[in-house]
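Asker: Join the two chains into one complex using the hints; note that each chain is given alone, in its own frame.
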Amino acid sequence: MVPFIGILLALLSFGVVATMFSSEKTSKTLASVFSLLALVVVVAAFFYMAQTGSMNYTENYSYYIMQPSISLGFQFSPISFVLVLMASIVSFVTLLSGNVENESRKISSILILLFELAAIGLFTSGNLFLLFIFWDVGVISLFFMIYILGSSNRRRAAVKFLIYELFASLALLFAIMLVYFYTPLHSFDIQYIIANAGLISLPVQALIFSSFFIAFLINMPVFPVHLWLPDAHTEASTQGSMLLSGILTKFGGYGMILTFFMMPIAAHFEVPIAILAGFSAIYAVFVLMTQHDIKRIIAYSTIVEMGIILVAIASFNQFGISGAAYGMLAHGLTIAMLFLAAGSIGHMFAERDIRNLRGVVRNALSTSYTFLAGVFATTGVPLTAAFIADVLIFIGAIKTFSIYGAIPLAALLLLGAFLYYVVNKSILSTSEYSSNPRFIGRSQKAGYAILLSSIFIFGVLPFLLLNFFSNI
Amino acid sequence: MMFALIAILPLIIAAFLALLFRNNGSLVKYAAFAASVASLMLIIYLYLSISGWSSLQGFQWFSLGSISFNISIATAPINMFLLLLVGIMTPLIFLYSIGFMDTQSQQARFYFEMSIFAAAMMLFAISASLITMFIAWEMLGITSYLLIGFWYWKEKPPAAARKAITTILIGDMLMLAGILFIGVTYGTFEFSALFSAAPTPALDAALLLILLAAFTKSAQFPFHEWLPDAMEGPTPVSAFLHSSTMVKAGVFLIAVLFPLYVSAGLLPVILIFGLISAILGVSNALAERHIKKILAYSTIEDLGLMFVALGLGSLLGAMLLFFVQTFYKGLLFMGAGSLMRANDEREDIFTNYSSATNKLIFIPIVIGALSMAGVFPLSGVFGKSAIAGVAEDTNVLAYAVIVLLGLGSSIYIFRWLFIPMSKPFKNEKQVEVNYRTIPKTMIAAAIILAILVIAAPIFNTYPSLLTLELSSGSPIPISEMAEVSVIALVGLAIAYRVYRQGHQLHVASANRPLYIAFYNSIIVNGFYMYLTKAVAIAADGLGYFDLKLDKLTYSASSAMLSVGSALRKIVNGQTNVYVAAFVIGIVLLLALFIW
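Protein chains in written order, with my numbering: chain B, 1 to 472; chain V, 1 to 595.
Extracted from the complex, chain V is given alone in its bound form (with noise of 0.2 Å):
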């Protein structure tokens, strides 16, 4: 009945074989491998058998009342698509840590993360009520606050994990609560059920938590800067992170949401948010150094675009640039992997230099590279020309933003590409070794993903596997691609221009002013440091006055101890006294008897 669920059960599988072999690292890494391809066999085999589309399975978790909170999954094509994309990351994935983590400790720990991790974006992805997506949202959360701070004893990457946690955290209540106002509102979970549901305040209420919940977990603007500070986990970690899991599942909530933000009306605030988010995330990689952090500002940059292509009302487009940015934003993080490992885990682009003598690892680089730019026929401009042409169509200053938005980061990622190459290569003999040592698993790793860059196109055609329920689904018209590719040419060009041939430290330095205002995520930090000051002095405050409260019930019972001495001193035994008491006692009650 639950079949899809199955085909999470290897990487479930994987995860305990790591909990009790977690002395046998080289079992453990073999086994999630295995693991992770048997899953794929699985969710290929799904695909294949499964006849009627949208099929919705479940069963009761458990009942109260009214309301059931049910265990549901879809595989309808939107929940295959993505189910499809991360049991194909996985195993490449995994495959290049058993490369990358060789030298590393603590292997059955990274695996047994790793695959609880590519487990709960399988069953997010699968998920069909808000229960069952909750579930896997926060296991996403909790096991990329675990992987980012992996290598907890270095300096940076505890302080990484803690800043994505807390952002998650933020998304993860806010979420809860829009889950909740459904709940409470309409007595299910159900997404089906949503969807044929009549629309109500509570329910607006809800898909704007909702939203931001996804803003948190797609590391959107404002709450974006998570994201660059999670490079600090393994690289692996990244390249999943960033290509299939993890920040895709806001954009694709939101997408499996999107008929209920179109009647609920949100669209402009998608767009607005999607196209500042994209605009920062360009900015900040043109001025950012660290060789994984031009990538992960990229990625602000894609789910950017991504936001924006659903604000304007184009899930078709959404899901295009969603599909083709796995692939080679994957292949890239692979590639900066590979690149830092042979320059001594040095994350600078100034002082790393490039493989251009090894071509195995370079070519797929530059097929990275240049998808992402957009140049046709690899598959990035499929992505960018349909959220482009949607734009045209539709809102000329989204558009405009977004042909800039092109340029920018075709220039980003060519300085990414040339400024390591920049640097004569003759001293380094060592880096020219380590290049060569760079084990083989991670190197095949980028070269399937590359051919995946490339091939990725022929996917687009076949309709039945990109059938999103949707009219609009009119192919790409050729000038659009043509446009994007060229505008990626024009960026390929300046960049050559300004940082191959050796300017780049003028461009750095010329522009002072230009360069902070480009290098914005040092304001949004600050913001945030004077949030948490501000929550800092409240907490003084009321400490202080709980401790103020502590005092006032000491001072409440020496009140009663005066009280007691005070009286002490009647009783004091002297006879006189107590006569005199008592005949002014008699007196007063003969009084009252009297009257």
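Bound-form chain B, shown alone (with noise of 0.2 Å):
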């Protein structure tokens, strides 16, 4: 037995020391080989579970803290492996060539290996304390992420972002302390909580569960709590909105789906959850219309996405599951590609707005035609990951839901619809286009490449992670 997890802890804070040691010029090759030799870790942890057979797998250290006992517990699951393997391509891109700008290098490698750490430790820890110290981790190194590296109005949105990111977390540490305290062996074990929750009475847990639903929510983001999401992903730097929507919501998400499977009182909330959930995915692509920042736009595609998925959680049936993570997956790796895109357009011409930006595809092709790609990533069209993903999570929330669960598809429809028209205002041209004082390098286009070829890996190949997810 191979300690998958302790190696990627160990290796991931070996990596944000040393990178701290070394010099601005080599700190992003040296954090970009750390992440790299995580995504090893990961890919030879997925053939070793492919051997296997299951991607259920605990490891358990020495006692973190005796009294009361949390253990340095960490698992993988089907649905925390498809997120650490998102997470981790997805760091690792941004390591290598999210840096459009190539400025304060070393900060920010540093910054993005914390996070990397915080998001694989939050996917793979085995109890709610762990969980909540990665939160934290990983939010406070995104709030710097923010407030140090991006546009002008960047320290309004990054407190903006952090006021309502601890907020979640107050929610969160309650929820925690309410389940730690409520359950027979005051436990923060989650596998013991899913085993046991049933035994606390329905009031505390529709107390817990609302205050966890809360947390998710804010994170995740749903409407109305959603604020924070375009004003962080505007004002941050391409890293920043890369690890933001690629990543950063994937902790509600996730959580999300640990909530469901902790509280039994969920089945309750199905209904009323899926509405609020359609509702904020067809609000969103309505704002969206109005935005005219690219960035902008791809943020609230975010909260498009991010609401059918927690239609597919809100469903909690083996499609709506597998469909949520495998939609976090195919969804994390889009918007990552599609911010890159965004931002090398920004930063080659100077220019984010879609009325000033014409004809970029003369003087960006590869950037352009990635941009179209991802486009077409976000619309579902087959062959790509998030087909899939739609498949079986419209096919869990009809289950559910009946015909009702297929609504949401029209929010994705006017999505695609008003991205298309992005595409034909700013990407191609009529007689007139922006010139480009700027060009961007070999990195940029190595992470296209990585991420459309996952995009496509995932959707063409998606028994290789969907075979495990027959029993959960």
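Hints may contain errors.
[Stated by the list, open to error] Think about it this way: if two alpha-carbon atoms lie no more than 20 Å apart in a straight line, the pair counts; the simulated DMTMM-like pairs of lysine to aspartate or glutamate are:
no. : chain 1 : residue 1 : chain 2 : residue 2
1   : B       : Lys425    : V       : Asp204
2   : B       : Lys399    : V       : Glu190
3   : V       : Lys548    : B       : Glu101
4   : B       : Lys425    : V       : Glu155
5   : B       : Lys399    : V       : Asp204
6   : B       : Lys445    : B       : Glu101
7   : B       : Lys399    : B       : Asp353
[As the list claims (entries may be wrong)] Now the stretches of chain V that chain B is said to cover, found in silico as 3 or more residues with beta-carbon under 8 Å:
no. : segment
8   : 64-77
9   : 155-168
Read the hints as simulated data drawn from the structure, not as lab findings. Note that the structure is a prediction, hence the values are computed from the model and not measured. Ideal Cβ positions, reconstructed from N, Cα and C, are used throughout, including at glycine.
Answerer: Following this line, the structure appears as structure tokens:
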């Protein structure tokens, strides 16, 4: 038995420290190497688990705190593994090619590695205590990412982000404490809670559930607590946006799945939650249509997609949960690619307003194709990962909510229609076109290639991961 | 096992070659042509070698829970029929493109997209499960978007491409919903399983959604307006799109699922929408001036007639028109492409000069026009008379409409032919020179198609080629064919009288209200414009609300701040206030204890 998670976390921790002591020049390379090594370990873990045929796998280290007993326990489940895989790919690409602006390499490299550590730790933590720690480490590292590295209005956006996320942390902490006190053995262990939370009296369960729900709702984000997201994405650097949309929003999605597994009372709230989530998706797509900043448009598309994923989670059947996990994989990769392309466009043309951008394709061929591929992947064209996700999500939704489960497809339709409008307006051209003062490097193109091929790999070979979802 | 898929392989390889050698245009175009010929050979071999017609093969793509998602293909007659049609058309289109795209840049991109497009249509032809079909369906949509917008640096193509993809996207989402209803209800996506499944309300709803999706793909009312705009793409794309791929996908899908539509009782819906579309197609074609858009509206009419045949319950009639339309429409588009090339890409039939002096170009066009109008013994008459015959027996109203449409379509196609001819040719030496320098591959492709148009009736007599598992496959009565031919000739006479002899301008200007009634695509487009406006207004409203919501959170935080500053006034460092507060506190505490 190879302790993959231990190796991963140790590797990334060591990477953070090593990057701290490296010079400004070498920091990016060093961090990328560590991130790549982490990705290799994740892939190795995949092959190992493919041989054993199961993705349910735990690692327990010594006690972290003896009294109350909190162990350093980690676990892989199919859902968490999918998210770890996504997080390691996205983090690696972010490190390798996200720094389009090419500034403050060292601080950004450290923060990205730290965030990757937090993300992998969160998705694999076996108890809620560790989950909470990693949650806050992730939030804080991204707060600094926005605060230090964004555009002119970044400080205001960063503080707004922090306030929303701290509120979420507070709700999360409250819920965790309640769970601890009301489970018979006073435990933070997720497996134990899943097995025993039914013993908690219903009113308390409702309180715990709603507290968890609010925390994860803010993070996902879903209407009406989505307002931090567009500002944070617009003001953050390209790297910040990639991590925010690609990975941070998945904290909420993963937590929401856990909540549904842990709290049996969740079954009572399926319909209202699905209505809220569906409304959020459709609401966000309408708001998206009034935006002009290309990054803001993509940011709102995250709200749309996460709303659809919440519908899937609320349907709470095998298809819905698998679809939500796969959807988060697909969305993480796609949105990172779109933000990378949008960031490159913004950097190259010094302009992100779709009303002023013209004929981007003339001067930025690969970026334009990548953006178009990202639009296809967002609308769920077959052979991209999002297609598999959409099929599973809507099967799940239709199974639980009958034909009403298909309504969020309307949001996807409007989203696609508007994104094609954006492509027409800014990417393709009439006779006039924007000139570009700057070019992007090889590393950005490498990033496009990695993300695009991942999207296709998971779209063409879905059975690689979905085989493990047969018994959730 | 999956032998039929091998037929697609050459085109996929060609597409990858185009990616690899994207700087070597000539290699790419010949590779693509060779690949299309290779896949035609493979398809013919398949035809000759398959003995068990309705063999179904598949493998599991992935599975979850009780549902298995399969890539399944079928080689039933109807599948092989479309596969063969696409297989025949692909090399011809590629041959035409070698000449047509010769002076155009970006050959590699063109052949990459075209190869994928053709491969997607072939996969669509043989797909036997809803999942396989949907993959091909979406690939068709995406590649057609890329191809229509191929000349993206021009003004109109991007807009046309967006119109197409938006309409298609509506269809895709409806289709996805329909497919998933079926998948959830029956736990399977296989066509074969659906035919034996017990009908449920979910199936009816799903069939209706799939029908609407088919309308978007096949450009039927109310989703028909993207097709005329799609003429902004290169002409080989139009020829391909209108003859055997893309727009035929919708009709074909309904034909494959035909037994389900019969038992669900959706045939009247198909009939009504087919009739409306055919009427709109004819009326717009009569009023349109753009040389390719006339043909586009005519495709809407043809597809409408195919839906009418399906709506009347005649699968054979629909498939016959489907078959013959492929050749004459491909031929007419190729002719239009040559005409535009000789006339410096002018698109208006009133400013174009005909190719009458160049017989190699002109005669195939005339054959195409005659076939389209339905003159015996060219192949078009078989499709039209089969449908008219069924209508005469079952639905008199539909029959009357079809006869009128036949007359209308004969008039507009000869109008299309005669107006460029009616101008004196004397001062246009350049056009004549241009006609002489049209690449031979373009001419050759059109001639081969003209031969196919003439020879197509031979295929029709071979039952083995068109065994559509129909008992009602009775031969078309001669009287019906004669009737269609006579109508076509009447149309020809009218068109000759009106357009060839130079009265066309009076017709257009004297009947202004009539013209608008005919040219009603403006109204349909206007409707969609208002719809978009409504969405935009809703978006503006919600966007405003979103801003206000954001402001609200800010005012909540400033409220907190003002509470803070109010409280700060108490903590002001004045000892007497603190002492007073302390005393009050002690008193209250004592009171509490005593109580």
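Asker: Of the numbered hints stated earlier in the document, which are not met by this structure?
Answerer: Those not satisfied are hints 1, 3, 7.
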